[in-house]
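Novice: When you get a sec, could you build the whole thing from the sequences and use the hints?
The opening position of the sequence shown corresponds to residue 1152 in the working numbering, with each subsequent residue numbered one higher.
Hints were generated in silico from the structure; no laboratory data involved.
Quick caveat: nothing in here was measured; it's all calculated off a predicted structure.
Any given hint might turn out to be false.
[Claimed, not checked] Below are the DSS-like pairs computed for lysine-lysine, each with C-alpha atoms no more than 25 Å apart in a straight line:
{"#": "1", "residue 1": "LYS1198", "residue 2": "LYS1268"}
{"#": "2", "residue 1": "LYS1171", "residue 2": "LYS1214"}
{"#": "3", "residue 1": "LYS1171", "residue 2": "LYS1198"}
{"#": "4", "residue 1": "LYS1167", "residue 2": "LYS1230"}
{"#": "5", "residue 1": "LYS1261", "residue 2": "LYS1214"}
{"#": "6", "residue 1": "LYS1171", "residue 2": "LYS1268"}
{"#": "7", "residue 1": "LYS1167", "residue 2": "LYS1268"}
{"#": "8", "residue 1": "LYS1193", "residue 2": "LYS1230"}
{"#": "9", "residue 1": "LYS1167", "residue 2": "LYS1214"}
{"#": "10", "residue 1": "LYS1261", "residue 2": "LYS1167"}
{"#": "11", "residue 1": "LYS1230", "residue 2": "LYS1268"}
{"#": "12", "residue 1": "LYS1261", "residue 2": "LYS1171"}
{"#": "13", "residue 1": "LYS1261", "residue 2": "LYS1193"}
{"#": "14", "residue 1": "LYS1261", "residue 2": "LYS1230"}
{"#": "15", "residue 1": "LYS1261", "residue 2": "LYS1198"}
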Amino acid sequence: MDETEDLEAFFEVFSKVYAKLDVDGVTDMFCLPFFSLINGEKTDWPKLEELYHTTCILFDWYKNQGFHNARYTILSMLKITPTLATARLRWRVLLTDGSPWEYCTSYQLKRIDGEWKMAGVIQFEEKTSNAPPPPLVAAENALHHLADLSESEAHQLKNVYFDIEQ
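Specialist: This is the structure:
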């Protein structure tokens, strides 16, 4: 077996549930404690209930952006030890209007009972011209400002934090 073949198989399965925004399928691939590092801000989830709820909110937000047709390219993979690995993927998602949304995410993985599980994700805004923010960055920005909006303004989140220049 190739050194990273099992990691590639993990991401093939992950990409299918992620592309469907399948909260159950995605969270089944997580292990606890789980962390995210979004533009330098770290969040830990010691309990599945909190992580599941956050994933539901995030995927609902993605749906509101028109997220579909997610495809990935593996940029790098490294087995650090037989039970720890890291991978960096470039995602390309199409929005309802056909606009592409491209972003990179790094994944930290642990092998538990012979299966790879995701222990954390790292995403940061890459400074490129006309590039919208990565989805976790955009969603994080939207959620931070949600408390500041009145109910009548909440519907504006879709366009406030995710404007693609045509």
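Novice: It remains to establish, for every hint, whether it holds in the given structure.
Specialist: Here is what the structure says about each hint:
Between LYS1198 and LYS1268, the direct Cα distance comes to roughly 15 Å. Compliance with the 25 Å bound is thereby established for this hinted pair. For the proposed pair LYS1171 and LYS1214, the alpha carbon gap of about 10 Å is at most 25 Å, so the pair holds. For the hint linking LYS1171 to LYS1198, the alpha-carbon distance of about 24 Å falls within 25 Å, and the restraint holds. Between the alpha carbons of LYS1167 and LYS1230 the distance comes to roughly 22 Å, so the proposed pair stays at or under 25 Å and holds.
Of the pairs offered as hints, the one joining LYS1261 and LYS1214 is violated, with about 29 Å between alpha carbons and a cut-off of 25 Å exceeded. For the proposed pair LYS1171 and LYS1268, the alpha carbon gap of about 19 Å is at most 25 Å, so the pair holds. Taking the CA atoms of LYS1167 and LYS1268, the gap is about 15 Å. The hint holds against a cut of 25 Å. Straight-line distance between C-alpha atoms of LYS1193 and LYS1230 comes to about 23 Å, which keeps the hinted pair within the 25 Å bound.
Between the alpha carbons of LYS1167 and LYS1214 the distance comes to roughly 16 Å, so the proposed pair stays at or under 25 Å and holds. At most 25 Å may separate the alpha-carbon atoms for a hinted pair to count; LYS1261 and LYS1167 meet this at roughly 20 Å. Taking the CA atoms of LYS1230 and LYS1268, the gap is about 13 Å. The hint holds against a cut of 25 Å. Restraint check for LYS1261 and LYS1171: satisfied, since their Cα atoms lie roughly 24 Å apart, inside the 25 Å limit.
The straight-line distance between the Cα atoms of LYS1261 and LYS1193 is roughly 19 Å, inside the 25 Å bound, and the hint therefore holds. Note on LYS1261 and LYS1230: the hinted pairing holds, with a Cα-Cα distance of about 10 Å set against a maximum of 25 Å. For the given pair, LYS1261 sits about 17 Å from LYS1198 by alpha-carbon distance, which is consistent with the 25 Å threshold.
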